[in-house]
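**Q** Single-letter residue listing:
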Amino acid sequence: MSVKAKKLLIFMVAVGLIVTSLTGYAAKKKVEVKPEDYIIRVTEDWPTYIDPAVGSDFSDSIALVNLYDSLVFPQPDGTVKPQLSTNWTVSPDGKTYTFNIRKGVKFHNGDELKASDVEFSLQRMMKIGEGYGYLFTSTVDSVKAAGDYKIEIKLREPFGPFILSLVRLYVVNKKQVMEHIEKNGQYGEMGDYGKKWLLTHDAGSGPYKVKEMKMEEYLLAEKFDNFWQGWAPQAPRYFKESGSVEPVTVRTLVSRRELEITDELQPLENYDTMARLAGVKVATFFNGHNLNMMLNTKKPPTDDIHFRKALSYILDYNTITTRIYPGSKPSRGPIPFNLPGFDNTIKGYTRDVAKAREELAKSRYADKLDQYPVELTWCAEAPEEEKIALLFQANAAEIGIKVNITKKPFGSMIADAQKMETTPNASVVFVAPHYAEAGSMLTTRYHSSSTGTWEQMEWLQDKEIDRMIEDALATVDQAQRFAKYARIQKKIVELAPTIWLFDQAERRAYQANYIVWPTAERASKGKIFTSVMGYDQYAHDMKVYPEKRAELLQK
Amino acid sequence: MGSDLLKRIGLSIFVLFSLSILIFLIARVVPGDPARLALGPRAPEWAVENLRKEMHLDKPFYAQYGLWLAGIGHGDLGKSLVTRRPVSADIREFLPATFEIVGLSALIMALGGIFLGVLSAKYSNSWFDGVTRIISYLGIVTPAFVWAIIFMLIFGYVFPIFPITGRLSPGFEAPTTITGMFTLDSLLAGDPRTAWDAFLHLVLPAIALAMGGLAQAARITRSSMTDNMSKDYIAAETAYGIPPRRILMKYLLKPSLIPTVSVMALDIAALFGNAFLVELIFNYPGLSRYGIEAMLNKDLNAISAVIMVLGLAFVTMNIAIDILVGYLDPRIGLAGRRN
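Residue numbers (the working numbering), protein chains in the order written: chain A, 12 to 566; chain B, 1441 to 1779.
Derived from the structure by calculation, the hints contain no laboratory data. A hint or two may mislead.
[Said to hold, decoys possible] Ranges between beta-carbon positions, derived for each pair: (1) A:Arg267 - B:Leu1736: 27 to 33 Å; (2) A:Asp314 - B:Thr1617: 39 to 45 Å; (3) A:Arg267 - B:Ile1618: 30 to 36 Å; (4) A:Gln86 - B:Ile1461: 42 to 48 Å.
Ideal Cβ positions, reconstructed from N, Cα and C, are used throughout, including at glycine.
Bound-form chain A, shown alone (with noise of 0.2 Å):
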């Protein structure tokens, strides 16, 4: 080796040495607890929209419960708690709902909540019409304050769940609102109705404020400190929600403890790994959510009923919920077991192979099977679904019945579901209720209303179906209304129109050394519960404890 060569060497051991005493150093740095280490950091799938009128998404859901209050908040028993109303009246046919609302509670600049920031809010949600305005748009048919503490809100028809949708009327400041109105927008004499000014600012009364939204990164929000619940010890000083949902950087931020709960959108395996790090623990609990194949029941083969039961009896169903989404509940039908309403009598579909081949041979497709495939998609931006897609194909070739599988970006999916001719025989699809009750699903999934739109590629189009499912809603007894749902699911389970493959185990990986969750808890506990979306993450009932966050970087 020459003199310069070995000089070199030097040089690069020399850099070496330098890094590693580097990382000595960051490793034994004593690590002290600071105001901003009160915190409660969350991951989810970004843009994250903080306007009541404009989000609806899981990311702007999160963000919404904790900057806003709503009238009534849900409960996990699925029923609801006054919040800013203290309680409410229904007339005696079910049209007009008055709630007296609650004194004394302030937004985050000081001002007072009245009843007339409610009628503000609701005009604002259903004017824009985005979010979730549309709960409303379909139902109210006006809305006015009586005084400073009471409003009155009118409906078009009778809509029994009307109080859980409630939940989703995040109410804002008016007086703020308006101040921040942007003359030339889309909305006549109110501009662009804040639109602008509330994508990056909030004007609400939750536990939260917003310090600091940056569109496309994160929001960080501090905690109200004249908030009318009032704060327990160790409450959390800031919530920080944030876009990174990649596998290795959630793992890395989990390892560091800079992430308190990770999105539920990993893969399997890094949950299992981030298992495995001192402290932290995986949250499973089942969110109301269904993993559905949907089949085009417009489009031959799968418009054959026989047809459609010889796939809904052919599927593994095992196989799914044991090693593709382990932890997952096989479905039993159209409603979530988990959801108010659902159907506890009803059996769904298992797998029986000599049941598939008796309904294959009634079916008017039988002899002619290799003319007609079943064409199906899957949803590129979930790849576990291509296991199911790949297990169905090899399930349904077991019985004769070709299946050509097709990935698709969720967007032309979208696309696909606009017009009967596009949308495939079977799309592989997960759906959500809007508010927690089986009557949402059954509105959204299987009343015509909703065909044309990705949660209704079967275009079911029963008339009978829809005229049970709008009795149904118009049903303000609850007792009876379930009943009415009851029929309508075994109604629509005679009828097989999707391949029901799992209610979904959502799961969340979390800092149980140092942070007090309350639905982990009540998952841990194995208690079966109804969950909200957003509301899982209501950062005002969640504990944090820094010093045991300090002593496990100094481990």
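Assemble the complex: chain A is given as a structure, and chain B must be docked to it using the hints.
**A** Just chain B, lined up with the frame of chain A:
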């Protein structure tokens, strides 16, 4: 030289104009209704229709293109369906962030690549050359996002010495915007602590992004230098007794850099487009990530704007290469001919 430069600029404008038509067309023929995608499946039809009108989607293609072009003339790139604000505001925010990473990446690529290439050529066929060659091959065949994952695991997970997400650590305030680049703006504001923190956030993504180009530059520099070493003019300079170091740095390196510079400049322009996975992994709010979000959500105005910015980067770098190559070898003119 002057007229050649003008011709190149004229040609570049034509290329950008053609690109704008092409991307405008492609973005609109891809299936999916952008207004419906933006507002969600449950939004009432009237709300979707209002948005279509606002975005001029109810007009024929040529009219949409004309309006878009007229908007550009006023600095208006339309509104983004993802961020719900003007695309020009998004570009102002995200481009400097990506520029910061690409700038550092280019620096690492140029200095590291040329340094390794020169050493490899000098010690050609030695153990050092062998090691560099292996590293170079690894650098070339490994995509930037894999490097990003490897660096994150080493320097974020095993030895947590670098920050791994975002542009600043908690507790740091973003500096007042001057250039949009946090390191530079913090220094201009006299805040070296924030500048250092912002710089630390750039290190891992910039190195990950630079690895491919660095390896390529090292290989090309080495090959070019070893080729030139056997040329007669080097033998003559050695015979004149000119010190080897002077021959290496003055007479050998400069002409040997021509192929390196040509390839590297295009590599640097390509970094703008290639950065998206790296930005995604490091949750870095840059232009590439914004572009991908735009494509996934069929955000028409944002797609067009991002592609035009990338196109602009390519044509600018192309002109810059030609000027630089002309400097390295004055016999080569801008039109590519030897004078």
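**Q** Are the hints correct? Go through all of them and say.
**A** Evaluation of the provided hints:
1. A:Arg267 - B:Leu1736: 27 to 33 Å: At 28 Å between Cβs, range holds.
2. A:Asp314 - B:Thr1617: 39 to 45 Å: At 59 Å between Cβs, range violated.
3. A:Arg267 - B:Ile1618: 30 to 36 Å: holds (32 Å)
4. A:Gln86 - B:Ile1461: 42 to 48 Å: Check failed, 57 Å falls outside 42 to 48 Å.
Of the numbered hints listed earlier, those contradicted by the structure are 2, 4.
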